[in-house]
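Given chain A's structure and the hints, the job is docking chain B onto it.
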Amino acid sequence: MRFSSLLKKELRECLPWMLLAAIVFIAVTSVLLRIETYNENNDYRYSRFSPGTVISNSHYNLTNYPTMNEIGPWLFVLSVGLGLVLGIRQFWIPNFTRTWPFLIHRSVSRITILAAKLTATSMAFVISIVPIWIGIYWYVTRPEVFTVPPPLRFFIEGWIFIILGFVTYLGTALSGLSTAKWYTTKIFGLAFAAVVMLTTFSQWSLVWIFTVIAVSTAILLSQIFQTFLRREF
Amino acid sequence: MKIKNKFQYIAKPVKVFMTVLIILLAVSIVQGIFIEIERSYTRKNQYKAEEKPEANLSQEEQRQERIRRSLKEFLPDGTIHLIDRVEHISGRRDKVQIYDTNDNLLWEGQSDKKPYEYLSWAEQLRSDFSQQDMKRTQAITPGFSRYIEIPVGLEGSIEQIWRYHPGAQYFKGYDTRGGEIGYIGSNGFTESKSKASAFGKFRQFTAWCPADSFNPILLLQTQKSIYQINFEKKDVELLFESTDTDIRMIRLHAWRSLSPDAEEYIDRQKYRPLIQIQTNDRKQHLILQEPKEQFSFNLRSPSFSATKQAIFVRNYGSDMPPVPDIKSSEKVIEKWTEEVQKKSWNMWTELYKVNNQGNLELVNRYNYTSSPVSGPAAKNRDPRPAGQRYVSQFSPLMYDLFIRYVAIRFWPRPFGYGSGNDFFYDLVLIIDYIRPHSSIINRILSALMMVYVFWHGWPRRTSWGGFVFWLIFTGLLNIAGLLTYLALNHTAVIKCPVCGRRRGLAQVNCVRCKTQLPAPERGKLDLIFSA
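Here the protein sequences come in this chain order: A and B. Using our numbering, read the first sequence as starting at 1 and increasing by one per residue. Using our numbering, read the second sequence as starting at 1 and increasing by one per residue.
By construction, these hints were calculated from the structure, which means they are not laboratory data. There's no promise every hint is true.
Covered stretches of chain A, as calculated for chain B (at least 3 residues, CB under 8 Å) [claimed, not checked]: (1) 61-67; (2) 136-147; (3) 181-188; (4) 191-204; (5) 222-232.
Note that the Cβ used here is the ideal one computed from N, Cα and C, for glycine as well.
The following block holds chain A by itself, in its conformation from the complex (with noise of 0.2 Å):
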């Protein structure tokens, strides 16, 4: 009963950001879609080749990324964004409020509302990106849409992003509930939720990624949970 009314609390907080993020993937995905689908027509992707000449791969002339591959620095920032916004939203604006006794201070664990904050934010994700993402997914996959569809490696990627907006999440929760200076290891969890992405974009294998950020993802919680259940508010 204290966890839902936690969580009602914590959802009614993400709520408009949420909204955004889904209005702006919305919005962002149709026009994308409309001029991909224009452009396909067109027959703009493939170069051409002369006859008896070496096809030179020094620029990459046989390779090309998926059709809608410009939706993914949008899926990329806005999750990255969402878990920007939210893990200040949570963690870092109480402490400029003042607030933190006054939610602390209450009849109910501090593993309770950490759980509550933390089940929000997931949810935040799963109602405003996930929806979208397979929804784009399914359609551009259909037969009639584009010559070559985007393969399940697209899709997977598309999952990565969003990890990776959590992940986000998890190292701005992390710097917020830092007590240190913020020239000194405040900002350590948010530098290393940097360097996580910059790990996962130079990596090839899909096993490897997610392992970098299942592994990364325990380091934070791990330290999350601990700061949070002894630091004194």
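Only chain B this time, still in chain A's reference frame:
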């Protein structure tokens, strides 16, 4: 045990790991910036310093040096010429001098105007799509990863697109008017996915358009096989298959039918199409066309060429001790380098012909000697640029241990062949680049930092285990260890009211006199406030 107490056993080491990771990264970035600044200022001087002053060499030494560095080229009748590059003119043009084997100057002038036509040899692929390129293509970016797609069609339009699926290791075809065409795998074209066979683990490919077509043909090398794929005809030809060992390297000569103005053009009126394949068991396999023939040889590093009249093999050799294995220790490699540099060695270039039975017949051989390396180059044990040397003094000792005992044994590939968008190999290369190379100064700096940690940590210590851990940690990680220690252990100290010496506030008893922290005196209103 309370949940928050359970968490501390995981969270504390994890916090140390996270902090040291970020600090190591920050230190590496700073080191990289210093190295690049130093390099940009000293690049010109560095090149000058590396050039050996020929004026110090005797006339005979200069002659030997010229012979050593000259290209040894063969005329089709087996005659050897030595081509010495005197100076660079522009682009691919050089001023060259051509000598015969008796050291008589035969010709001098621009390299593209030389009056002799030498045998050309099979070369490693220049514009290939390698395994590193494949990884680079598959690397995730904010715009997703890329895919190999081969367009097939007429001059004005694309009718088919064949996409390579790295996981399934086959091509899937799409019709641009809609619908799927089928699959191209090692067993050729099939319409169903279940019948398509995988090509095998990808290694590299080269693609070209034949002189009469706009559509690419692919020469695909996998771990053990080489295929030629014609997408227009949906045809797959297995050119070579190694049953036992992997393919190490391939070279081509006149294999691709190119137009005369193409960069890698070889005249197919003079030469037969040829693929040279080296397998990991050091065997050389030769695949020829017009007519189709296949040979295998046990040679170390030969080059092949096949004219319409004969098949030639060029082989280089020397009596130098063999290069130590890439997994060998640094000392073994250093010893080998020293030995090779201090003596002069006999070297030779040989030309063989392959007879009808597939055996080699020696046509010509040229012997020469390498001169020993004199002066500072032979004695300098750490030839790294000054900036790199200075900056690496702040690198962790652990980097040396990691490279020496882990990386060379388990990840030898980056040292041998470089890398390319492979995170772990790139990481190993970066660590190797900035490691301290057992420098004394690095050890002294680490020791000084340990002394500082001892001085700083003694009054603040809460347990002997933790205190010793931080000392060793700083010793192994140098500046990154010290910064991590300070980031996680800097607590305030007070003057102990009993013994008067400094003590930390993290534990109740004074580390010097074992006296407890004094409790505040009870006041009159304490009873009210504590309630």
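Here is what the structure says about each hint:
{"no.": "1", "hint": "61-67", "result": "holds (count 5)"}
{"no.": "2", "hint": "136-147", "result": "holds (count 3)"}
{"no.": "3", "hint": "181-188", "result": "holds (count 3)"}
{"no.": "4", "hint": "191-204", "result": "holds (count 9)"}
{"no.": "5", "hint": "222-232", "result": "holds (count 7)"}
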